[in-house]
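Colleague: As a plain string of letters, each chain reads:
Protein chains: 2
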Amino acid sequence: MKQAQMLPERLKEAFKERIKDFRDACYNLFGYKLKLVGQRRWSISSMYADSPDDVLLFEISHSGEPSLLETPFSSTLGDLISLHLMRQNSIPAFVSAVTLELASRQTIA
Amino acid sequence: MKQAQMLPERLKEAFKERIKDFRDACYNLFGYKLKLVGQRRWSISSMYADSPDDVLLFEISHSGEPSLLETPFSSTLGDLISLHLMRQNSIPAFVSAVTLELASRQTIA
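Keeping their order, the protein sequence lines are chains A and B.
One gets my numbering by counting positions in the first sequence from 1 and adding 722 to each.
One gets my numbering by counting positions in the second sequence from 1 and adding 722 to each.
Derived from the structure by calculation, the hints contain no laboratory data.
Among the clues, some could well be false.
Unchecked claim - Have a look at the derived ranges for each label pair, beta carbon to beta carbon: (1) A:S785 - B:H784: 13 to 21 Å; (2) A:D746 - B:A736: 18 to 26 Å; (3) A:E731 - B:T793: 33 to 41 Å; (4) B:H784 - A:R745: 27 to 35 Å.
Computed from a predicted structure; not experimentally measured.
Don't be surprised by glycine CBs; every beta carbon is placed ideally from N, CA and C.
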């Protein structure tokens, strides 16, 4: 059945499922739960975090540029922030370094 | 306007926009374009890759477990595969290590 012919309820379900698949793929491949928590604000929490409260918060500017907002968890990551955000200017490198740091703690323990 | 009251066309647009926001957030925060390329198959390509053809391909099993499929690009990543997939058994750690490797090449150059 083509989307255009679907009833609104059915269409809504189909899209919800697609968004869920996307969210699950994100979690499985990148290791983070990705959530929209406000207008242009996203939170991510790592599958390797000690606590689900250990979130990183980002705001996307009108031009599409993301920046890290302070959270209790981000304030424990000074070294990675200096290296990857301030020197390397790369949010993906920073987020990746957080994953490697948290995952290595778990696999060493 | 509540979603249930929307016309199908309008609803479709609203969901498409939501999926696009999600996709953009993925790209900005994790550094990868995430694409569904078949039933339970996802491809990711890094913003730091030399070529858009440098993709990693994953298949999600029925139980939700992802595994890496071979691509020309993955076959160049033997060391990271050994360390993070075979020893650490972590796809997010592997994907993160690829980001850090590619990003560091770009920032050194």
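Colleague: All the hints need checking, so say for each whether the structure fits it.
Modeller: How the hints compare with the structure:
Between A:S785 and B:H784 the C-beta distance comes to about 42 Å, which lies outside the given range of 13 to 21 Å. The hint said 18 to 26 Å for the Cβ distance between A:D746 and B:A736, and at roughly 21 Å that hint holds. At roughly 39 Å, the beta carbons of A:E731 and B:T793 sit within the given window of 33 to 41 Å. Between B:H784 and A:R745 the beta carbon distance is about 18 Å. The supplied range of 27 to 35 Å is therefore violated.
Violated hints, listed in ascending order, are 1 and 4; each of the other numbered hints is respected by the structure.
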